[in-house]
Amino acid sequence: MKLSTTILAAAALAAGPALAGEVAPADLKFDEYGSVSESLTGVPGDPENGANVLKNKSIGNCIACHQVTALNDAPFHGEIGPSLDGVGDRWGEAELRGLLTNAKMTFPGTIMPAYYKVEGFVRPGNAYTGKAPDGPLTPLLTAQQIEDVVAFLLTQKEE
Amino acid sequence: MKFKALTAIAALIVAPGLAMADPDDDTMIINGEVEMITKTAVPEHMSDTAVSELMSGWHFRSDETQALQMDDFDNPGMIFVDEGMAQWETVEGTEGNSCASCHEDPSSMKGVRAVYPKWNEDAGEVRTLAMQINACRTENMGAEPYKYTGGEMANMEALIALQSRGMPINVAIDGPVADVWEQGKELYYTRTGQLELSCANCHEDNYGNMIRADHLSQGQINGFPTYRLKNAKLNTVHARFKGCVRDTRAETFKPGGPEFTALELYVASRGNGLSVEGPSVRN
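Residue numbers (my numbering), protein chains in the order written: chain A, 1 to 159; chain E, 1001 to 1283.
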């Protein structure tokens, strides 16, 4: 099954350290508006895998908070954040990358978690165990998953 | 609230005829007799928040779940009240006492649940109801304390809460508890864990909104202990706090510890005016 293969691959990536050639979370360069212009991997994003990251509860689970009509094959879209329909008309690639890696650089105080950040938390835990971490934190999404989600979001155009 | 307005508009445009996600206006009358206060004015200490009305979590649940709480024969939590009653009458510990030895009928506990957590002058500390139950066991009965979030504790809390059914929550926030209340307030607004979420992010800023398939409530605790369909048991306040903090990808606090005690006082005070509902029924 393609889906489970993708998840396994994602899990393997998420468990490992940053790959060579990737931008590490600490090395992200945000501009004054919170955008990140440089690709995190140099590898073009895969919108199909990006869609899976958005839908999958154990990966991005973006639809927990955002409604996306193109992903209506997955049930229960949330209402916490804005709809992502047409998001590719409203934001460019660098802006979307900035919003995904750390949305607070664009919108201070936003409820949205930072998906590519590993330090500066209050009482960070070991994933969802409720226990203290047993080593350095890994980001919520891998560098390539971020690129894949950016690629998917850029396909969301209404105009 | 901006997001709510947008959501409401989107719902009207996209899905006419579908149920709105906003809390409902149903009235809770238990056993056809006891009318409960499930919506009321916000207490003065919350006047600087965006919350315009207090709402029991009951309003955010389906009609089917709501109905379970309106008839004691349907409420699965009432089974645990019976178990609590058996515990009430059981002699335990070195002193040869049961709860009933001193407190007689559980109806002597009327009003207690409504005012906890509260200051204990002799101990010089804020005590939750669970702490007081365990203090009674260890000091007056010479018995072992219940596990803080365990089944026996939940049973006893349910029995005691039931005696105050319908009475408005009325915890004090000033005087000797003021410092602890402030600590609880600070924790309520602290964004914990790798997801950097505070209680307020979901339960003050986004109540009424859906997060995936869950309908976010105000996080009120007037209904505890709560029978959850999700785990088919009676749940204590601190166990629920622990689950919530865990879900922010944080290292949780210890049930029964000072942080959750302070948080319980603060969150309880955000429900001042709502009826005591325990044992309530939720998802």
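Take the hints with a grain of salt, since some may be wrong.
[What the hints assert, rightly or not] With the C-beta cut set under 8 Å, the calculated list includes, among others, these residues of chain E facing chain A:
1. 1187
2. 1195
3. 1201
Rather than coming from a laboratory, the hints here were simulated on the basis of the structure. Ideal Cβ placement from N, Cα and C applies to all residues, glycine included.
Here is how each hint holds up against the structure:
1. 1187: 10 Å, violated
2. 1195: 4 Å, holds
3. 1201: Hint holds; residue 1201/E Cβ to chain A Cβ min 5 Å, cut 8 Å.
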